[in-house]
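Asks: Spelled out from the first residue to the last, the chains are:
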Amino acid sequence: MTATIVFTRATFWRGARRSLPLVLGLAPFGFVTGLITQHHGLSLADCMLMNALVYAGAGQLVALANWTHPAPVLAAAFAAFVVNMRFALMGPVLAPWLAGLSPVKRYASLAILVDHTWAISVTDMRKGGRDVALFVGLSVPLWFGWLISTTVGFLCASTLDLPPHHPLFFGALAAFVALLVPLWRGRSDALPWVVAGGVSLFIAHLLPHTSWYIVAGALSGCLAGALKDSWNG
Amino acid sequence: MGDEASTLEAIAAMAAVTLACRCGGYFLFSRFTPSATVRRALAHMPGCIFAAYVMPALIAGPASNWAGAAATIAAMALSRNLGVSIGAGVATVWAVSLIA
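Sequence order for the protein chains is Y and S. At position 125 of the first sequence (counting the first as 1) the number is 125 in our numbering, and the numbers step up by one without a gap. At position 49 of the second sequence (counting the first as 1) the number is 49 in our numbering, and the numbers step up by one without a gap.
Please keep in mind that the hints were generated in silico from the structure rather than gathered at the bench. Errors might be hidden in some of the hints.
What the hints assert, rightly or not - Dumping the calculated SDA-like pairs for lysine to any residue here, alpha-carbon to alpha-carbon at most 25 Å: (1) Y/105 - S/16; (2) Y/105 - S/19; (3) Y/127 - S/74; (4) Y/105 - S/31; (5) Y/127 - S/77; (6) Y/105 - S/20; (7) Y/127 - S/39; (8) Y/228 - S/34; (9) Y/127 - S/29; (10) Y/105 - S/42; (11) Y/127 - S/36; (12) Y/127 - S/43; (13) Y/127 - S/81; (14) Y/105 - S/28; (15) Y/127 - S/79; (16) Y/228 - S/33; (17) Y/127 - S/84; (18) Y/127 - S/80; (19) Y/105 - S/27; (20) Y/228 - S/40; (21) Y/105 - S/30; (22) Y/127 - S/78.
Make the full structure from the sequences, and use the hints.
Replies: As structure tokens, this is what we get:
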């Protein structure tokens, strides 16, 4: 991308407004994360700290699934690494936009990178968008919203008694399924996505109770896509 | 309180690792120029990550999740609104669980 990247206040607020449906849409996911955190015996302070500093629902849920007392420091860090490794692959995709920020703002914005704000930003960037303020505007309210919904979920945990497969838990998965739609660029995405999904299933079956499948599937799909692109010239 | 100290340690470790993931990938790519193949592969990353995350969850979950996923995709395609789409998915799973 050779166009100049800008940061406008108008777009920041546009991003902030667009983050509101995200905040609401992810509230069930946050609620469930808070619920599960309480279920595993962490305190309210622990819950708020974890959600403020780690701020990665999927990784937290995987780490919490095998939580012990005293806490499994290495296992939790490893779980966070495997699930959140995808963020390392996501940052570079936004590089054209991030280059338009000062280093401090750039890494501060990256520190609160999540799948949904990234997907929306990538979609805008692909359409020719040059205003990185969209990414920042989307990201900041979502961090606050996440903190609130996880705290509410934690506090409600003792009063509610949701069975394991309650429909509300589907909200977490729905958030990821929904974002596949704007990411679909056309039939050329079919092969890489099928490869990603297939390899992911295979690895999940081979290595249960781990999360290697996410990165394995993603990298396989990307490789298939790159090879197909090279083949097509 | 050994439990609380270890919990704080675990949270700190998770936070440090996650921050390294978020910032480290970008940092490495800013230092090293990726080849054409790497750049082409990265262009596919968004959809592939989500596809890889979603597939095992759908396969492992109840059949009602498939109906929910279909409703979520349809709602998103029509409304382009994430909150509406998640609501449609959850409502569908709820309805199917009541009927089935």
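Asks: Hint by hint, which ones does this structure get wrong, listed from lowest number up?
Replies: Checked against the structure, no hint fails, so every one of them is satisfied.
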